[in-house]
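*Asks:* Top to bottom, those sequences are chains P and D. The numbering of the first sequence is my numbering, which starts it at 1 and goes up by one. The numbering of the second sequence is my numbering, which starts it at 814 and goes up by one.
Which residues of chain D face chain P? A partial, calculated answer using Cβ under 10 Å:
(1) A895
(2) L945
(3) L1006
(4) G1021
(5) A1022
(6) R1141
Computed beta-carbon distance windows for the label pairs:
(7) D/A1132 to P/R76: 33 to 41 Å
(8) P/S515 to D/V999: 56 to 64 Å
(9) D/E911 to P/S514: 39 to 47 Å
(10) D/R1033 to P/S514: 56 to 64 Å
(11) D/S982 to P/G626: 57 to 65 Å
(12) P/D66 to D/A1132: 22 to 30 Å
(13) D/Q832 to P/E286: 37 to 45 Å
(14) P/E286 to D/R1136: 31 to 39 Å
(15) D/R1033 to P/M560: 53 to 61 Å
(16) D/E911 to P/L340: 38 to 46 Å
(17) D/E911 to P/F716: 27 to 35 Å
(18) P/G446 to D/D1142: 31 to 39 Å
(19) D/A1118 to P/Q345: 46 to 54 Å
(20) D/Q832 to P/D66: 22 to 30 Å
In silico DSBU-like links for lysine-lysine, alpha-carbon gap of 35 Å or less:
(21) P/K358 to P/K276
(22) P/K337 to P/K358
(23) D/K1025 to P/K337
(24) P/K276 to D/K1025
(25) P/K193 to P/K130
(26) P/K358 to D/K1025
(27) P/K365 to D/K834
(28) D/K834 to D/K1025
(29) P/K276 to P/K337
(30) D/K834 to P/K337
(31) D/K834 to P/K358
(32) D/K1025 to P/K365
(33) P/K337 to P/K365
(34) P/K130 to P/K202
Hints in this document: simulated from the structure, not taken from any laboratory. The C-beta atom is built at its ideal place from N, Cα and C for all residues, glycine as well.
Spelled out, the chains give:
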Amino acid sequence: MTDSLMATARHVVLRAEGLAKSFGPTTALRRATFELRAGEVHALIGENGSGKSTLVKILAGVHRPDAGQLNLGQARLQARSPSAAIRSGIATVFQEVQCVPAQSVLDNLWLGQDGLLRRAPIAPAERRDKAAQVLEDLLGTSLDLAVLAGSLSLSQRQALAIGRALLRDPQILILDEATSALDVATRDRLFTKLGQLTAAGKAVLFISHRMDEVTEIADRITVLRSGESVATLERADATPTRLVELMTGGDHLVQPDAARRPEPGPIVIGALALRKGEIVGLAGLEGQGQDEFLRALAQHQNVRTAYVARDRRDESIFPPLSVRENFTAATLTRDRKAGLIGGSQAAARFAPYRDRLKIRLGRDKDPITTLSGGNQQKVVIARALAADPQVLLLNDPTRGIDIGAKRDIYALLRELAATGLAIVMLSTEVDEHLELMDRVIIFRDGEPAAELPGTELTRSAIVSEFFATGAPRPEPAPSRAPLNGSSYTFLPVLLTLLLLIANVAAQHSFLNWSSVIVTFAELATPALAAMASTPAILGGGIDISIAPLFTLVSVVIEVMLLGHGVTNPALVIAVAIGFGAALGALNGALVNYGRFQAVVATLCMTFILSGVALGYAPAPVSGTTGWLTSLGTTEAGIPGGLILIAVPLAAWYALHRTPFVRTLRAVGGSETTAYTAGVNVAAVRTLAYALGGAIAGLAAIAIVAQLHQAEADSAFVTPFILMAIAAVALGGTSLAGGRGGLIASVFGACVIFLIQNLLGAVGVSSFWSEFCYGAILIAAVLFAARTANKQKVKNSSGSSFAGPWIAARKASR
Amino acid sequence: MTALIQPRLATGHQLAAAQRKFPLLQVLVLAALVLYVGAADGDFSWNDLWAPILLQGSFLGIAAAGQTLVILLGGLDFSIGAYLVAGNLLVTHLVGLEHWNFALVALLVLAICVLGGGFAGWICHRFGLEPLVVTLGMSSVVVGAVVGSDAKLLNGAGPGWLTDFTAQSSKTFGVPIPPIVTFWIVLAAIVTLILARTVPGRRLYLTGASLKAAELAGVRTGRVWASAYAASAVLAGLAGVMLAGFSTGGDTNVGSSYLFPGLAAVIVGGTLMGGRGDYLRTCLGALIVTALNFVIAVLNVGAAAAQIVFGGLLLATVAVYGRERRLRDRV
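Based on the sequences and whatever the hints tell you, model everything.
*Replies:* Below is the structure:
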């Protein structure tokens, strides 16, 4: 009694009032109201699709509410981005484990705290100490901070994400299903930590599926149902029955009715003793092997199975295609008449399913994305049924759909079982097992651990099986982070050395000082073009307009500066770099603020930039001046080309002293992690494009110094486009972003240059050297892909530079 | 307040929905461009306005057909130019100079295209490589191997009947339409039929719309990728063979004058990466790009302005059609 009095006396730190949010046709949140008090753990519970995650994303600054008000203390909270929410003291851990696999534990923990170019004022030693401390609190043991996050176990990676939030020292900590990926011991240590936080007056918003966890640590509990907050209970009033009643609206009658169906028929799948007409549930905590088990069943050879995947958006629907096309995807050949697919046939096949599954839709020619989540899922199930399976396999099919659609699906499944179909269904909701299953198999530690027949199905029986102790899962040995990225540059360095030897062998004069000078002068432009292409790629984008960009800058130098007698080196170099950076920034803004696909936007810029360059220089424009001529040969005894190559490398090295390069790699490695950690992703990427443009400005100086002229003809420019990207790939920089660097690209350019030089020296025609160059490029990207696969970087949720193919391919690996 | 905004939003959505179903905007733009050229020349005759646009559009349209398939799949093909050059050079040299049998040379071109394209598509899919890089590499390999094997290939001319086939003055069965244009129309009908009404066509859309979902629905997506890239190479090779009659003599640079304009035709037509679009849109796009070239010729502003206009037009088209999802929607 005194406890609850004290609780009410505590001040409210966050108040949400009538929050609402819709995504297209789906209303995710209708009216959510609750208050969070200082010093409490406040649990938010609700069924799948009740709007919990949407509410969390609003609080975390990811989404903006359509209606309603959020107050933080006395002030109105209008977080327009995760970084704004973090600044106002709200740190969030998301359900999807957020980490950058290719970066160290330490970098992952401090991600997002530094500015664009300025470090947060925390000493390196303090960073290490705090990081070690927070990990030890969560994991119980210390963890090598230099290890790559990708080599950690799922539980450790989630601890990393929680640690990142804790290091923010937030007033409000939000944990969205953050415990589902944790092992039991780590979870208990987290709960202890939460106790310390609330004792210090901080507030915790705790979202979990697990009733036992909620009743264990929550002071108060708010229940969401169909996007509305229906009640807030004190812990003492929150019995499981009451909570279930609130979550389901009271009409959720658990009816394990053994006599509802005829006896199961003959066995269909031996391993499972699966019989016709029975519904078998697969249950367990997240990641206990039930998912893999179900997928393995889908590969069963002798039985016709149909599989409904878990992730509706990424694995089930074809977003741009119509409802009908989504329906026929697995049964295309049935609509074929004399080799051609007829629309009327598909429509006729779909009609009965539409009625039977109560699919609500306008016309079946409308895109599937116009349907609500529940109706989309019904279409997906209809697709599976259309293939006449003997066994229907469902992977958490009611995840994130509204309660009405759930009921329709339950009814359908019962009906299907009654007609003799065998059904295996993985579900993350205990109630679903009670409601639907004839028996439930519970998974622990990667294998089926227990089986409960329908007569013994109770909530407590299932949940206690979840937590029954099994053998602890062996943790994989973490691998150390590569030292300064030396591993990926090894191959191009080796190739460069071998090719150098081969070049000397083929042409003994290659090492003469005069030819060394020429070599550097010729190498400078390709090396600079390759370096210029690198920053955008590191950040997960691409700029294919680098070659026309430096061509245009070279034209500007020749026509506008040298042509008008302006030869001051400081001015010319400043104009070249500044103009290049401005054009690069324009590309970056198009991609990151205009949301154009990187390849498409920079392709358009390729046209525009080459057009402008050609307009000013329809024919090559010649001209040079004293210092440019010496840059093309030697300056103070040093080959000018070497100086030009060294300048961006030195600048890049200097940039390593700022957080920029590390943040850029994090953005390229996993943009969602960087974004939710509070990194200004668009600004970081745009700066990378500008940096590339600035280096391209130097490339313009290099080409003018080498050739004493500027040329804008496409036959001259196009090879550089291909070469620059090839050099980056050959250098070992991942074209998907996140790994690599400028030096790698220089070696990539060296390899290409030396190959062409060697082939020229031994008298191979330029066409055969082109052949070799293409073959080596393909071999290099193949090799890079193989090594990346071997490293097996887990949980790569980053996006791709040009759109769907990499994202899709990553997912399918 | 929301109630006030609703009706205007609705009409905007309806227009957008109508535009998705039918490329109305493109038709209007094309009509405007053609009318402008006609008005500027003061000549709307078949021979001076329509036939030249159709003739040049047909080469671009054929060359861009493969790119359409590959972009529908969610890829890109930067080796279009190389297969075009291969088709062009082998025909001009082997048929034109060495007097080989045309069918034999056509088979040779077909083999090169199927092997090269299929290989590129297969490794992109199998190892998750970036199509941009792989096709750039294949491009060098194909041109290098074809020309490198015999530098004399650069001399030659297409066979006479092919010149007739692609000449503007030629007629199709007495109708004053150049045979190449008729050929393009037939090709467009076939490609459209395959895409819309056959199982392989549907599989292409499914794979492009969602690789994982297609895989789970039983589509062998590796085969789809390999076949689409092979088809792209074959169609580019075909355009090259046709060009052997149109232009005199082989030219290794002929490819680059079709790669980027071809890509422009696909994008301007409204086909976007990942399962949205069709070949008829690309045909419209090819005609728009061609007509735009005519406008630029009429304005007499030169190749430089042409490129700037292309770039701007592409940006505008992509801005109207899909852009990337916001970062917040990807969390």
